[in-house]
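Under my numbering, the sequence shown is numbered contiguously, ending at residue 231.
Treat the hints with care, as some may be off.
[As the list claims (entries may be wrong)] Keeping only pairs whose Cα atoms sit at most 30 Å apart, straight-line, the calculated DSSO-like set for lysine-lysine is:
1) Lys184 x Lys220
2) Lys184 x Lys145
3) Lys61 x Lys35
[To be verified] Simulated restraints, written as ranges between beta carbons of each label pair:
4) Arg132 x Lys220: 31 to 41 Å
5) Asp74 x Leu110: 13 to 23 Å
6) Gly76 x Ser131: 13 to 23 Å
7) Ser226 x Gln37: 21 to 31 Å
8) Tyr163 x Ser115: 28 to 38 Å
9) Glu128 x Leu84: 16 to 26 Å
10) Phe78 x Ala166: 18 to 28 Å
11) Gly135 x Glu75: 33 to 43 Å
12) Gly135 x Asn57: 28 to 38 Å
13) Asn79 x Leu198: 34 to 44 Å
14) Glu199 x Asn85: 15 to 25 Å
15) Gly135 x Lys61: 32 to 42 Å
Just so you know, these hints were derived from the structure itself, not from any lab.
Glycine included, every Cβ here is placed at the ideal spot set by N, Cα and C.
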Amino acid sequence: MRQNFIINLDINLTSTQQFSETVWQMNFMKNFSKYQHILYAPGRGYDLSVLNVFRNELSKRGYIIHLLPIAYDEGYFNQTDLLNRIPIECTWWIGISLGASVLWTLSSLVESRSIRLTVINPFADRERLSREKGFNLRGQWNFKPIDYQSVAEHIDVVVSIYDEAIGARHSLELLSSAQPEVKKLILVKSDHQINNLEAQIELVKLLTHTEEDSHADGKYCDIYSPAGKI
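Given these sequences and hints, build the entire structure.
The following block contains the structure:
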């Protein structure tokens, strides 16, 4: 009888585990379907070698990546015109540095579609950043993302702990100003461009977070919600 009890207990545990995995898969497919098309905005200089592994990992998982079709710092920073160039199917926007700051600003204009916004090491105020880092803004768009209220339904703010280009204060100011349905802060143990390739891969796992990745070591990335660490 004891042996039979143990066998039945194992079956129940297995059944519970399978149910849990099924729920995770359903949630992932729901989010995947909703955010399958990604708009990616590179940093200044449009260097696509930055976060190349990160984007490849997203592509391996089935996400379709579109590049932000604009030239930075050319002409007038017309947000409405830039927004109209974004493919309508792109419901997950990801940007780094200047690209992240541009996307934050554009996301304040979204009305008819719900988006997820992931900004990596953005600035809150470019003029203030120029004073902090001692560079000339001549020939560059001078704008303040902090003046724009993002209406994205889901916001991830990614901050590199060893960012030498933009201080964490900028990212945290943007994070605190937003009131989306879902808000996450992710700290990455890397530099401004996240040149650590393992950190890039781990960041993708956190952002997509399937059951397969739920036991990731968290060696380079930690994720937090307003309620505390996840």
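Original post:
Measuring from beta carbon to beta carbon, are Asp74 and Leu110 in 13 to 23 Å?
Top reply: 20 Å, holds
Subject >> Proposed proximity, Lys145 with Lys184 (alpha carbon, max 30 Å) >> reply: Answer holds: Lys184 to Lys145 is near 21 Å, not above 30 Å.
Original post:
Is the hinted range of 21 to 31 Å satisfied by the C-beta distance from Ser226 to Gln37?
Top reply: Check passed, 24 Å falls within 21 to 31 Å.
**OP:** Starting from Lys184, check that the Cα of Lys220 is at most 30 Å away, please.
**Re:** 22 Å, holds
Original post:
Is the gap between the beta carbons of Gly76 and Ser131 within 13 to 23 Å?
Top reply: For Gly76 and Ser131 the Cβ distance comes to about 20 Å; the hint holds.
**OP:** Look at the Cβ atoms of Asn79 and Leu198 and judge whether their distance stays inside 34 to 44 Å.
**Re:** 36 Å, holds
Subject >> Hinted pair Lys61 and Lys35, Cα distance within 30 Å >> reply: Roughly 17 Å between the alpha carbons, so the hint for Lys61 and Lys35 holds.
Subject >> Tyr163 paired with Ser115, Cβ distance criterion 28 to 38 Å >> reply: 33 Å, holds
Original post:
Can the suggested window of 18 to 28 Å be confirmed for the beta-carbon pair Phe78 and Ala166?
Top reply: 20 Å, holds
Subject >> Arg132 paired with Lys220, Cβ distance criterion 31 to 41 Å >> reply: Holds, at about 35 Å.
Original post:
Do Glu128 and Leu84 keep their Cβ atoms within the hinted range of 16 to 26 Å?
Top reply: 23 Å, holds
**OP:** Hint says 15 to 25 Å; check whether the CB-CB distance for Glu199 and Asn85 agrees.
**Re:** 38 Å, violated
Going down the numbered hints, you'll see the structure goes against 11 and 14, while the others check out.
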